[in-house]
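For the record, the sequence lines run as chains A and B. Convert by adding 221 to the 1-based position in the first sequence; the result is the number in our numbering. Convert by adding 25 to the 1-based position in the second sequence; the result is the number in our numbering.
Calculated from the structure, these hints are not laboratory results. Because the structure is a prediction, the values reported are computed rather than measured. Check before you lean on any hint, since a few could be wrong.
Only some residues are given here: those of chain A computed to face chain B with a beta carbon under 10 Å [as the list claims (entries may be wrong)]:
#	residue
1	A223
2	Q227
3	S230
4	K232
5	G263
6	F266
7	G280
8	Q320
9	E323
10	T324
11	P329
12	G330
Positions of the beta carbon are idealized from the N, C-alpha and C atoms, including for glycine.
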Amino acid sequence: GAGVSQSPSNKVTEKGKDVELRCDPISGHTALYWYRQSLGQGLEFLIYFQGNSAPDKSGLPSDRFSAERTGGSVSTLTIQRTQQEDSAVYLCASSSFPQGSETQYFGPGTRLLVL
Amino acid sequence: AQSVTQLGSHVSVSEGALVLLRCNYSSSVPPYLFWYVQYPNQGLQLLLKYTSAATLVKGINGFEAEFKKSETSFHLTKPSAHMSDAAEYFCAVSAPTGTASKLTFGTGTRLQVTL
Numbered sequence: 222g223a224g225v226s227q228s229p230s231n232k233v234t235e236k237g238k239d240v241e242l243r244c245d246p247i248s249g250h251t252a253l254y255w256y257r258q259s260l261g262q263g264l265e266f267l268i269y270f271q272g273n274s275a276p277d278k279s280g281l282p283s284d285r286f287s288a289e290r291t292g293g294s295v296s297t298l299t300i301q302r303t304q305q306e307d308s309a310v311y312l313c314a315s316s317s318f319p320q321g322s323e324t325q326y327f328g329p330g331t332r333l334l335v336l
Numbered sequence: 026a027q028s029v030t031q032l033g034s035h036v037s038v039s040e041g042a043l044v045l046l047r048c049n050y051s052s053s054v055p056p057y058l059f060w061y062v063q064y065p066n067q068g069l070q071l072l073l074k075y076t077s078a079a080t081l082v083k084g085i086n087g088f089e090a091e092f093k094k095s096e097t098s099f100h101l102t103k104p105s106a107h108m109s110d111a112a113e114y115f116c117a118v119s120a121p122t123g124t125a126s127k128l129t130f131g132t133g134t135r136l137q138v139t140l
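Generate the whole structure from the sequences, applying the supplied hints.
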């Protein structure tokens, strides 16, 4: 596609439920990133993929958070047993290569609300 | 470790006035620096980036920024504000080395443009 797409655009869930957030990066981009944007914490890095492997998971806030990437393309971020503090906008980005100078292109985000 | 400080969470200017959004960085290695803009309910869009070439960087929509190593600054400017510039602006830094090119963001500056 022309840009990074994410689904769903909005998700409302009950505390304790599991959710899956999907990211489709720009075709051919080898690097994929997940970030979280919340009122209290601002924009924070969660995890980065190079191909299907995740060399940097340092931003995942707890073991309830996991992510995978298949076929070097689509990525899914899973949050188990959601808590109210997980409410945020989850942003996905991709870049051609995993280099610091490369532009990261962002999707529109998934707005998650945990009731 | 790298960090970014954006002075002023809210900036208000009149249409036609100079826009100046401040960003100071901290990095133990020469950084790559980025300015992103976020319009309501949208993802982040790159305005411009510094990757150790020219210190004065020109971006989209008439914005530019100057990298000043002595001041550890990368302030964003635009000579004449337009109503459509109203948005939130994020300064970010990434490292030029290693495999992890994650972005570390500032807390953002919301720009208001008044008539």
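A quick look at each hint next to the structure:
1. A223: violated (13 Å)
2. Q227: Where the cut-off is 10 Å and the nearest Cβ of chain B is about 8 Å from Q227 (chain A), the hint holds.
3. S230: Check passed: Cβ of S230 (chain A) comes within 9 Å of chain B, closer than 10 Å.
4. K232: Nearest chain B Cβ about 15 Å off; hint violated.
5. G263: The hint holds - G263 (chain A) has a Cβ within 10 Å of chain B, the shortest such distance being about 5 Å.
6. F266: This hint holds: F266 (chain A) lies near chain B, its Cβ roughly 4 Å from the closest one there, short of 10 Å.
7. G280: holds (7 Å)
8. Q320: holds (6 Å)
9. E323: holds (7 Å)
10. T324: holds (5 Å)
11. P329: Since chain B brings a Cβ to about 5 Å from P329 (chain A), closer than 10 Å, the hint holds.
12. G330: It holds, given that the least Cβ distance between G330 (chain A) and chain B is near 6 Å, below 10 Å.
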